[in-house]
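Enquirer: Protein chains in written order, with the working numbering: chain A, 1 to 300; chain B, 1001 to 1406.
You may find that some hints are simply not true.
What the hints assert, rightly or not - Taking beta-carbon pairs under 8 Å as the criterion, some of the chain A residues facing chain B (in silico):
hint, residue
1, Gly128
2, Ser130
3, Pro273
4, Thr277
Bear in mind the hints are in silico, worked out from the structure with no lab data behind them.
Ideal placement from N, C-alpha and C gives every residue a C-beta, glycine not left out.
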Amino acid sequence: MDITFQGFMAQLTIGLIGGCFYAMLSMGLAIIFGLLNIINFTHGAQFMMAAFLAWIGLTQLGPWLGYPDFQINFWVALVLAPLCVALFGMAIERSLLRRLYHLDHLYGLLLTFGVALVMEGGFRYAFGVSGQGYEPPEILQGPVDVGFMLLPKYRVFVVFASLLICFATWYLFERTKLGAYLRAGTENPRLLQAFGINVPVMITLTYGFGVALAGIAGVLAAPIMQVTPLMGGSLLNIVFAVVVIGGLGSILGSMMTGLALGLIEGLTKVVYPEASTVVVFVIMALALLVRPAGLFGREV
Amino acid sequence: MRSRFIGSLLGASLASLTLPALAADAVSDGVVKVGILNDLSGIYSDFTGRGSAAAAQIAIDEMGGKVLGAPVELIAADHQNKPDIAANLAREWFDQGKVDMIADFPTSSTALAVMEIAKQKNRVTMLSAAVAMAAITDKCSPLNAQWMTDTYALAAGTAKALLKTGRKTWYFVTADYTFGHSLEKDAASVVEAEGGKVLGVSRHPFPGGDFSSFMLKAQASGAQVIALANAGSDTINAVKQAAEYGIGRTDKQVIAPLLMYITDVKSLGLAKAQDMYLTEAFYWDYDDRSRAFAEKFFAKMKRMPSASQAAVYSATLNYLKAIQAAGTDEAGAVMAKLRSMTIDDAVIRNGHLRADGALVHDMLLLQVKKPSESKRDWDFYNVRAVLKGEDVFPKPSDACPLNAKG
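Please take these sequences and the hints and turn them into a complete structure.
Expert: Shown next as structure tokens:
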């Protein structure tokens, strides 16, 4: 393999960027599974929805409202789009998911899968499948020299932003009082309710938070990937593998595994690109064989 | 009184029964039915989809909605890009739906499945979207026409044009499945035959999300041309991410998508797609005739036709004309007529249908305009050359038994 050190580092960096998206998405899934026991198959569609909302805000909303110059820029969208998606998610939780908590996992999976299909279908019908372009904000356009390669500024931003978000989420759940309540809710919701905590509201908010993480990832992905109705669906397969490897419900696990798998995928692209998707699933199979609860999961 | 009324009613209905019976001498079932089988909801629905049915309807309307006195009807369905679904729909249409011809097929596997059934049932298939070489080589059928183009013509058109400008070293970024491999093989064979050199290949999983590592490897190879042997969202993302890293933006290294539709350029935007060379069977803004058709299409769909949608129009129009000329809708006779006609309409120029089903016709070498050159929406290409069909379409293959006879 005639690859230079610089080339190697460049590929590793690209892997890390992919890993950041895996980490953010799988964290949201892990949080939702941890508290709600729901395997949230709408995660990809929610990721896509946020990207679309950002695009709509930047290019469509102004003309729709009759003010062609009106735009919701990237920074505002980064807050607003995840918020909208979270509200939408919470509405689904309140109206539909709530009825399934006492049933088998499979029902939640089927429902969320169905909702995802409806959402994708709706966006497909409205905006077609070829997708839309989304420009990063001006100050993040152009490349920056990171020593071993010219990296687009936007990608550098994505790495720092997502690491920050992952760390903040981990801190919130593992190191604060609110986090303690949430973890207690996972363990024994009835007991927690007896202490005067409104568990149903907490569950709704947690679902909203998990969905918002997908939303942030979606807005961050919009300038990198083409904004299409199918952008989330194809990513979700890998993200589920990440969650399984990390351990269902483990926040730290899914974050670490997401980043690590991004790097491994990046390395595979250097050595044997044909296997770069497969490698994630091979690792998943191995992890399940060796540690069925996942690398960071607790054995029950 | 009452009985006389019933009698006259009976007479009238008998008379109306005999009319289609007359037409039925020439037209089976008293109706010519065109089926459009494509992707109405999935990844190929933008360049085929509802627009293809609209294009077929334009052709039917131009024929006055009738051929040999029999009405022409249109039916469309979603084959979801799955060969089994396509095959079931086709069987149903042929057996019960009175369908005489099915067109479109954005996925080659669906096309090949339906071609086989059509052959058994003595009906016609016209591939206006499928580009697989198999349809005109080892899987060829006497009742099939590949109406738009094939992977070889697309790859050869672009490759020859770029080689002519002195770009001799190539690197391929290829989708790792049959379609990508065949596109790469076709282009590489042209490159090597014309004195060029392939420096390397990256095969990416299909569908891919992040192409930056492949594009960086391609850039590092120093090749003058980075050829994309993929399609749809893969091509779009590869071009988009290359632009992000500033790859392919100099004269020393260009990106050449081997299969790119106008809907892809629309999606990318001219800023990212500008200057790229590509080959297409049709561009709406080519001349007055193509523009006239495109405006009709635009009135229905609020977008310009893709090459596939335009090819559906051309296929339907010529199919109906051939029935008219042959005096029957019997599949073999219609195909014989199509083979003897010169195909020349708003979409296809200097076309003739070969025994193996390849429609050899002029192709267009296009270059994507810079944003400053584009005067309106969908004003995307400069036509750089008209490529003669004989120069870009593949030679008749020995693998197709129909070629041996002739």
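Enquirer: Does each hint fit the structure? Answer for all of them.
Expert: For each hint, the structure was consulted:
1. Hint on A:Gly128 holds. Least Cβ distance to chain B is approximately 5 Å, under the 8 Å limit.
2. Because the closest C-beta pair between A:Ser130 and chain B is about 4 Å apart, less than 8 Å, the hint holds.
3. The closest approach between the C-beta of A:Pro273 and any C-beta of chain B is roughly 5 Å, which is under the 8 Å cut-off, so the hint is satisfied.
4. With 8 Å as the threshold, the beta carbon of A:Thr277 comes within range of chain B, its nearest partner Cβ sitting at about 4 Å, so the hint holds.
In summary, this structure violates none of the numbered hints.
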